[in-house]
Amino acid sequence: MSTPDLQAEQDRLNSGPAILETQYLTKIFGGLTAVDGVSFRVPERAIVSIIGPNGAGKTTFFNMLTGLYRPSLGSVIFDGKNVTMRRPDQITALGVARTFQNIRLFGTMSAIENVLVGQHSRLKATVFGSIIRTPRVRKEERKAEERAREVLGYVGVSARRHEDAASYLSYGDQRRVEIARALASDPKLLLLDEPTAGMNPQESEQLTQFMRKLRDDLNLSILLIEHDMKVVMGVSEQVTVLDHGEKIAEGEPQAVRHDPRVVEAYLGKQG
Amino acid sequence: MSTATASRPRGMNLPRKVGPFPLSTIVAALAIGFALILPWIFDSGGAFVNDATTALIYVVMALGLNIVVGFAGLLDLGYVAFFAIGAYTMGWFGSSFFSSADIHVGVAEFLQAQPGIHLNWLLILPIAALFTAFAGALLGFPTLRLRGDYIAIVTLAFGEIIGRIAINSDEGVFGFGHFNLTNGRTGINPVDKIDLPFIEPFRSLDLRPWYYTALALALIVVFVNFRLRDSRIGRAWIAIREDEVAAVSMGIPTVRVKLLAYAMGAAFGGMAGTFVGTFVGTVNADQFEFSFSIFVLAMIILGGLGSIWGVVLGALSLSFINTWLIPDVFNSVPSKIGLDFDLTELGFGIFGFLLVIMMVLRPQGLIPEKRHQAEFADVFDEPEQDTVVEARA
Numbered sequence: 001m002s003t004p005d006l007q008a009e010q011d012r013l014n015s016g017p018a019i020l021e022t023q024y025l026t027k028i029f030g031g032l033t034a035v036d037g038v039s040f041r042v043p044e045r046a047i048v049s050i051i052g053p054n055g056a057g058k059t060t061f062f063n064m065l066t067g068l069y070r071p072s073l074g075s076v077i078f079d080g081k082n083v084t085m086r087r088p089d090q091i092t093a094l095g096v097a098r099t100f101q102n103i104r105l106f107g108t109m110s111a112i113e114n115v116l117v118g119q120h121s122r123l124k125a126t127v128f129g130s131i132i133r134t135p136r137v138r139k140e141e142r143k144a145e146e147r148a149r150e151v152l153g154y155v156g157v158s159a160r161r162h163e164d165a166a167s168y169l170s171y172g173d174q175r176r177v178e179i180a181r182a183l184a185s186d187p188k189l190l191l192l193d194e195p196t197a198g199m200n201p202q203e204s205e206q207l208t209q210f211m212r213k214l215r216d217d218l219n220l221s222i223l224l225i226e227h228d229m230k231v232v233m234g235v236s237e238q239v240t241v242l243d244h245g246e247k248i249a250e251g252e253p254q255a256v257r258h259d260p261r262v263v264e265a266y267l268g269k270q271g
Numbered sequence: 001m002s003t004a005t006a007s008r009p010r011g012m013n014l015p016r017k018v019g020p021f022p023l024s025t026i027v028a029a030l031a032i033g034f035a036l037i038l039p040w041i042f043d044s045g046g047a048f049v050n051d052a053t054t055a056l057i058y059v060v061m062a063l064g065l066n067i068v069v070g071f072a073g074l075l076d077l078g079y080v081a082f083f084a085i086g087a088y089t090m091g092w093f094g095s096s097f098f099s100s101a102d103i104h105v106g107v108a109e110f111l112q113a114q115p116g117i118h119l120n121w122l123l124i125l126p127i128a129a130l131f132t133a134f135a136g137a138l139l140g141f142p143t144l145r146l147r148g149d150y151i152a153i154v155t156l157a158f159g160e161i162i163g164r165i166a167i168n169s170d171e172g173v174f175g176f177g178h179f180n181l182t183n184g185r186t187g188i189n190p191v192d193k194i195d196l197p198f199i200e201p202f203r204s205l206d207l208r209p210w211y212y213t214a215l216a217l218a219l220i221v222v223f224v225n226f227r228l229r230d231s232r233i234g235r236a237w238i239a240i241r242e243d244e245v246a247a248v249s250m251g252i253p254t255v256r257v258k259l260l261a262y263a264m265g266a267a268f269g270g271m272a273g274t275f276v277g278t279f280v281g282t283v284n285a286d287q288f289e290f291s292f293s294i295f296v297l298a299m300i301i302l303g304g305l306g307s308i309w310g311v312v313l314g315a316l317s318l319s320f321i322n323t324w325l326i327p328d329v330f331n332s333v334p335s336k337i338g339l340d341f342d343l344t345e346l347g348f349g350i351f352g353f354l355l356v357i358m359m360v361l362r363p364q365g366l367i368p369e370k371r372h373q374a375e376f377a378d379v380f381d382e383p384e385q386d387t388v389v390e391a392r393a
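For the protein sequence lines, the chains are D and V, in the order given. Residue 1 is where the first sequence starts when you use my numbering, and the numbers rise one by one after that. Residue 1 is where the second sequence starts when you use my numbering, and the numbers rise one by one after that.
Please note that a few of the clues may not be correct.
As the list claims (entries may be wrong) - Simulated restraints, written as ranges between beta carbons of each label pair:
#  : chain 1 : residue 1 : chain 2 : residue 2 : range
1  : D       : GLY16     : V       : GLN364    : 53 to 63 Å
2  : D       : ASN102    : V       : ARG164    : 39 to 49 Å
3  : D       : ASN102    : V       : PHE353    : 39 to 49 Å
4  : D       : ARG70     : V       : PHE226    : 51 to 61 Å
5  : D       : GLU203    : V       : ARG362    : 33 to 43 Å
6  : V       : LEU138    : D       : LEU73     : 52 to 62 Å
7  : V       : ASP243    : D       : MET233    : 26 to 36 Å
8  : V       : VAL27     : D       : ILE28     : 55 to 65 Å
9  : V       : ILE161    : D       : GLN90     : 31 to 41 Å
10 : D       : GLY153    : V       : GLN364    : 26 to 36 Å
11 : V       : PHE174    : D       : MET85     : 28 to 38 Å
12 : V       : PHE21     : D       : GLY16     : 53 to 63 Å
13 : D       : ARG136    : V       : ARG362    : 34 to 44 Å
14 : V       : ILE161    : D       : GLY153    : 45 to 55 Å
These aren't lab readings, by the way, just hints derived from the structure by calculation. Here the structure is a predicted model, which means the values were calculated and not measured. Glycine residues also receive a C-beta, built at the ideal position from the N, C-alpha and C atoms.
Start from the sequences, fold in the hints, and give me the full structure.
Laid out in structure tokens, this is it:
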């Protein structure tokens, strides 16, 4: 990418429409302010990273975005709609999907079934439709299964593993199935919570490539929490740094990297 | 097929096959076939057909509870409440209890002359299903924010509350008024017998029609359970059982889906209740004790939580042990060896012992849950490709 392109890209990110925006988002647990007035935006079709030392409030922030926690203050605007007090399943139905820091697959369900659960909000079968199994329900189920296999293939889970119970899959496949399950809900925004945790450098590199491919193929925005600086620097177009619940820096990866406050947060004050 | 195990889905058991059919299908077909001819083998008015009918109704109840506990993973210790509500619905709408009313729908001529509300059982069945489904959802509400043991305590209390209401509502409900709702321990008696179209009204001495009605009810409930389990709803239940946080994050509306599980489970309990009400011919408060909930729960744990055929087997075995094996077959054993007690007095002790033995030897139940075994069966017919190295993204 030549310099003018890069400039154009940055302009697009800064001025273009945002898929997600938070305003003064705050979460207080008793006496602890886990997230303190964080305002930020994820531009459409961008890959944005949130970094910060352990306990900085990154996962709490994620949990507010997906509705698992109710913010103490502030608001979350997704795709032009205020979703601050919505339930997690409603937010998912609007187009936010996520993975978890510690993989949370449905252990006794097969890879396929896990992905089918991901499609829940896109399927319409009712109780009576399911009992009678009307032609429409039959068709919907068949299509859902085809789609599940397609998504699993896309993330790179071998067809021979599709019927395996999730808890019996290899660690790498579990990560992949979790991404497939998230993708199955047709998200506009994908939240990845430490996707490269427990991966070796090659696997992390593959995942980095894969995130770009995802964005380009599916036209979605990706927000990730990540500790691996190589991944963060390699993939993100914008980095937000949290420390003690506060946003201490934001911007292009290279700029953030040399920000004195970021260096201080990670390495401590010098001199 | 010597290498069949190589591609076998891990974590799911390989279905055994006999000819073109999976073994489980053949066993199920044989069992249903035997069930169909059973009342022609045994005395149609005798104790065994009576016990078999009871066992089939337990199957209906156990499968209902299995939806709540086995599929959705919500430990319900108050299931007796729905059985009670179902039975009372039968009593209210199928007896002369409300003698000031005079409503008759689809009942035989001799009942037309009697006071009270007399509806055909086929009408009472859906009414009871609706009542209990509503009661189930009502019970569900306070448990929505709870997990595990706490759900068990709330549901236990609910079961007890319904039991108390049944005992004390012979003069006023919740202490208000003087309306007689349940007739307390005396109960509602006699309750109309089932009267299906095209055949004669059921009688007490010929148990065949009762037996077949119970069998039909049980088979319908088995069918509905299978259909629900293999649907979008069933997947949502199992997902909630496995990981509620992940489930809600994947777009499953947990409140609605849990309430649905409670309502469906309760409806089956209520339908079974109407049958017992008419089969026994009386509905009284002493039928609805806490031990009943535990008995049905023991059936599904013994059979295998979440496994439909397992639950059927668990319900049949415990019911037969309770109503036939202990009182009829082994009851005289202690006296024969010179001991002075009835085996029936040890009923609960024997159950407890059986459950402990089961938990030690086969904690997963008689037939453990093997989800989607049949659906995935064709995978095993594909040629082996053991040498193919897995493609990774």
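Consistency of the hints with the structure:
no.: 1; hint: GLY16/D with GLN364/V: 53 to 63 Å; result: holds (55 Å)
no.: 2; hint: ASN102/D with ARG164/V: 39 to 49 Å; result: holds (45 Å)
no.: 3; hint: ASN102/D with PHE353/V: 39 to 49 Å; result: holds (41 Å)
no.: 4; hint: ARG70/D with PHE226/V: 51 to 61 Å; result: violated (39 Å)
no.: 5; hint: GLU203/D with ARG362/V: 33 to 43 Å; result: holds (40 Å)
no.: 6; hint: LEU138/V with LEU73/D: 52 to 62 Å; result: violated (36 Å)
no.: 7; hint: ASP243/V with MET233/D: 26 to 36 Å; result: holds (33 Å)
no.: 8; hint: VAL27/V with ILE28/D: 55 to 65 Å; result: holds (59 Å)
no.: 9; hint: ILE161/V with GLN90/D: 31 to 41 Å; result: holds (33 Å)
no.: 10; hint: GLY153/D with GLN364/V: 26 to 36 Å; result: holds (33 Å)
no.: 11; hint: PHE174/V with MET85/D: 28 to 38 Å; result: holds (36 Å)
no.: 12; hint: PHE21/V with GLY16/D: 53 to 63 Å; result: holds (60 Å)
no.: 13; hint: ARG136/D with ARG362/V: 34 to 44 Å; result: holds (41 Å)
no.: 14; hint: ILE161/V with GLY153/D: 45 to 55 Å; result: holds (53 Å)
Of the numbered hints given earlier, the model fails hints 4, 6; all others are met.
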